[in-house]
Amino acid sequence: MTLLETSGLVYSYPGGVLALNGLNLKVKRGRRLAILGPNGAGKTTLLLHLNGTLRPASGQVLLDGAAVSYSRAGLSAWRRRVGLVLQDADDQLFAASVAEDVSFGPLNLGLSEHEARLRVEETLAALNIADLAERPPHMLSFGQKKRVALAGAVAMRPDALLLDEPTAGLDSHGAAHLLGVLKKLEATGTTLVFTTHDAGLAYGFAHEVALFAGGQVLAQGEPEKVLSDTALLEASHLRLPLILGLGLKARACGLLAEGAPLPRSGQDLELLLEKAAARQLSI
Amino acid sequence: MSLDGGIQVRTAMPAADRVANLNRWRRKSLAEKSALALGMLLLAILLPPFPAALVIAAIMAAAALIGARAPAGIWLGFAAGPVGFLLPGAAMLTVQIDAGGIALAPDGLATAAGLIARSFAGLTCLLFLALTTPITDLLAGMRRLGLPAEVTEVALLTYRFIFLLADTAMAMDAAQAARLGHDGVKRRLRSLGALIANLLPRAMDRAKRLETGLAARGWEGEMRVLPQQAKLSVSGMILVIALEAATAAIGVFLS
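First to last, the sequence lines map onto chains A and B.
If you read the first sequence in the numbering used here, its first letter stands for residue 1, the second for the next number, and so on.
If you read the second sequence in the numbering used here, its first letter stands for residue 1001, the second for the next number, and so on.
Because the hints were derived from the structure by calculation, they are not lab data.
Any given hint could be a false lead.
Below are the SDA-like pairs computed for lysine to any residue, each with C-alpha atoms no more than 20 Å apart in a straight line [stated by the list, open to error]: (1) B/K1208 <-> A/P14; (2) B/K1028 <-> A/A133; (3) B/K1231 <-> A/H114; (4) B/K1208 <-> A/T53; (5) B/K1208 <-> A/L75; (6) B/K1208 <-> A/L54; (7) A/K225 <-> A/G204; (8) B/K1208 <-> A/S12; (9) B/K1208 <-> A/P56; (10) B/K1231 <-> A/E121; (11) B/K1231 <-> A/A133; (12) B/K1208 <-> A/R55; (13) B/K1231 <-> A/R135; (14) A/K275 <-> A/G245; (15) B/K1208 <-> A/T45; (16) B/K1208 <-> A/Y13; (17) B/K1208 <-> A/G15; (18) B/K1028 <-> A/E134.
Only some residues are given here: those of chain B computed to face chain A with a beta carbon under 7 Å [what the hints assert, rightly or not]: (19) T1136; (20) L1164; (21) R1209; (22) G1213.
Idealized CB from N, CA, C, for every residue including glycine.
If we strip away everything but chain B, and leave its shape as in the complex, we get:
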């Protein structure tokens, strides 16, 4: 059953999804945003890292933080994870282990710095896309590019159900805690097991009711809705391309 009347839990919506839906560039067309993000990503991979990677990282961070006004805290939070993997990985490149023992690798520092710069630039590109474009827009775009409707429909429903199930799970968790189900590791494990076991029949039940709701509105196997398509702005697209051309020029001639 639903949560209404029971415990109300704040929607378990991840911060990234909230930002993606509410940022200032939410209505910019998917074509512009993905051309900027994926184009810059490609440049970050192809161009020599200095100075291109730094330029790209600066542009993409500015695009996300100043252009789309994504909150800096969230941007940093999402960047911190990958960077945490990146730094120790790159550190390994600076040393060399051979029969003589451990030594500084020739060009090791340069290689590591290049790797860090390049990866970080790529990261800023993906972060920009993730924080400005809801997943549903990306799915709609993939469908326009020819991904079969069945796949995108299943992905969309899965996405929708994640939030519903997360809400249910959080409510059940709170209810268990209220009845002392979290006291001690043993009880906590048992509660978790019960929660998971309960979630499946609930999900099935919900799916059935969703089907009833859809059938009442004339569903016969195909989910057609009117997509909210943002208009492609020609000047925006030209700006994106110009920016990428300039970055490529800087990357090639100043390296």
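Only chain A is shown next, with the shape it has when bound in the complex:
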């Protein structure tokens, strides 16, 4: 079921550089979508169209199949359902303490103080940052700020959450933790949409990949399919993800049956190698 859809979006930056050039994208409910593109492709610009921050020069955004309204009430209703987490957490944190900052969205939803307080506590606990509740934002580490910014959006319980480069700048432990939190969030019914320039992340984490370059989505579909199209990757200045490349090689060498699923993670790959080795020993 399609939750969000764009058709023929066109947008130029002030100054005339074309950012979106007839862009079509589908966000399906419950399908983790990676918007994959090189630096400067306009990924952030695209995200800002998906919650109504930017308005296209032409083309349409559809929410549940209906064209969105850019009126005050329309935008408000839209943003209740579609949350956004910016890449730089400092752009989002403004309040005196973490708990206050996270309470901002819920209060804007019209929740009572009591409900908002519960919502804040719940969200901070779910993201493992309850101990930071009273810290001011400038006393947080980079990774902590990212989690707090995420909490600010999550506390509003959106249907869809847009994340701009969620793992950028995080160490591998921090990134793994964040992805784990996002999976938990997804299990509660939130559809995740994230931008990234990391084909490996898109391949390993997304259910679906939209390859974005030159202001258009060049292809959208299963990660294996989209990301194994070398001509397409070349055209978007991206590279075949390592794990996918090795998986395809394994298939070509006959280590992996033709119909069997390709490895998605290092762990999958290890298993595959172990099995192959075991087979060889038994022969």
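Position chain B relative to chain A; hints supplied.
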């Protein structure tokens, strides 16, 4: 743009702010802390300086250092500045200049000693407040006392932006130094000019992105958040009042 990926600079957070946020009395209610600090300040002004000022200074220093466990080094560091102004100022009171030349002023030493004691007592009161209470708590308190939300919101955002801008400025400064922008006075001045010129568009840019972030969370012009209110402890408040009453009694009857 942000600093991530570029030069990471340690947060330029002043020591006072850090102490105010992390001291042991951080969670005591604003009412108790401000009643203690402002009440004692008032007593320091009203009562004859001896012995009241000494008592007040001792109590307030103990409150900050022993009660709230503010680090002594930071406390002394902040006290040193004002005291540096106070001493020469008071010294001037001990002499008198008239047609006959310079002479010791009658009662000059007593006046100067009184001034020093009184001012120092007042200083310890304000230091206590500054080192135990974050500015955001003070703003929240002022809002409860009726200061318009617009004013406190602007003050809060300004406060938040000070740290962000300071971080950016420090990163740019380090980047300039790394490319030898600080070699020689002339180059250093030119670098500083470029830094300042760059800071404004960056600040504007950041403000715009902050607005995007807030709008995404349903902001429509009013910044409502749940304040973290500390519960007023009745026994604490009684203790504060008793302490002040005792100080006043000592100040009046023993002077």
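Okay, the hints, checked on the actual structure:
{"no.": "1", "hint": "B/K1208 <-> A/P14", "in the structure": "holds (15 Å)"}
{"no.": "2", "hint": "B/K1028 <-> A/A133", "in the structure": "holds (16 Å)"}
{"no.": "3", "hint": "B/K1231 <-> A/H114", "in the structure": "holds (16 Å)"}
{"no.": "4", "hint": "B/K1208 <-> A/T53", "in the structure": "holds (11 Å)"}
{"no.": "5", "hint": "B/K1208 <-> A/L75", "in the structure": "holds (18 Å)"}
{"no.": "6", "hint": "B/K1208 <-> A/L54", "in the structure": "holds (13 Å)"}
{"no.": "7", "hint": "A/K225 <-> A/G204", "in the structure": "holds (13 Å)"}
{"no.": "8", "hint": "B/K1208 <-> A/S12", "in the structure": "holds (18 Å)"}
{"no.": "9", "hint": "B/K1208 <-> A/P56", "in the structure": "holds (19 Å)"}
{"no.": "10", "hint": "B/K1231 <-> A/E121", "in the structure": "holds (18 Å)"}
{"no.": "11", "hint": "B/K1231 <-> A/A133", "in the structure": "holds (16 Å)"}
{"no.": "12", "hint": "B/K1208 <-> A/R55", "in the structure": "holds (16 Å)"}
{"no.": "13", "hint": "B/K1231 <-> A/R135", "in the structure": "holds (18 Å)"}
{"no.": "14", "hint": "A/K275 <-> A/G245", "in the structure": "holds (18 Å)"}
{"no.": "15", "hint": "B/K1208 <-> A/T45", "in the structure": "holds (14 Å)"}
{"no.": "16", "hint": "B/K1208 <-> A/Y13", "in the structure": "holds (15 Å)"}
{"no.": "17", "hint": "B/K1208 <-> A/G15", "in the structure": "holds (17 Å)"}
{"no.": "18", "hint": "B/K1028 <-> A/E134", "in the structure": "holds (13 Å)"}
{"no.": "19", "hint": "T1136", "in the structure": "holds (3 Å)"}
{"no.": "20", "hint": "L1164", "in the structure": "holds (6 Å)"}
{"no.": "21", "hint": "R1209", "in the structure": "holds (4 Å)"}
{"no.": "22", "hint": "G1213", "in the structure": "holds (4 Å)"}
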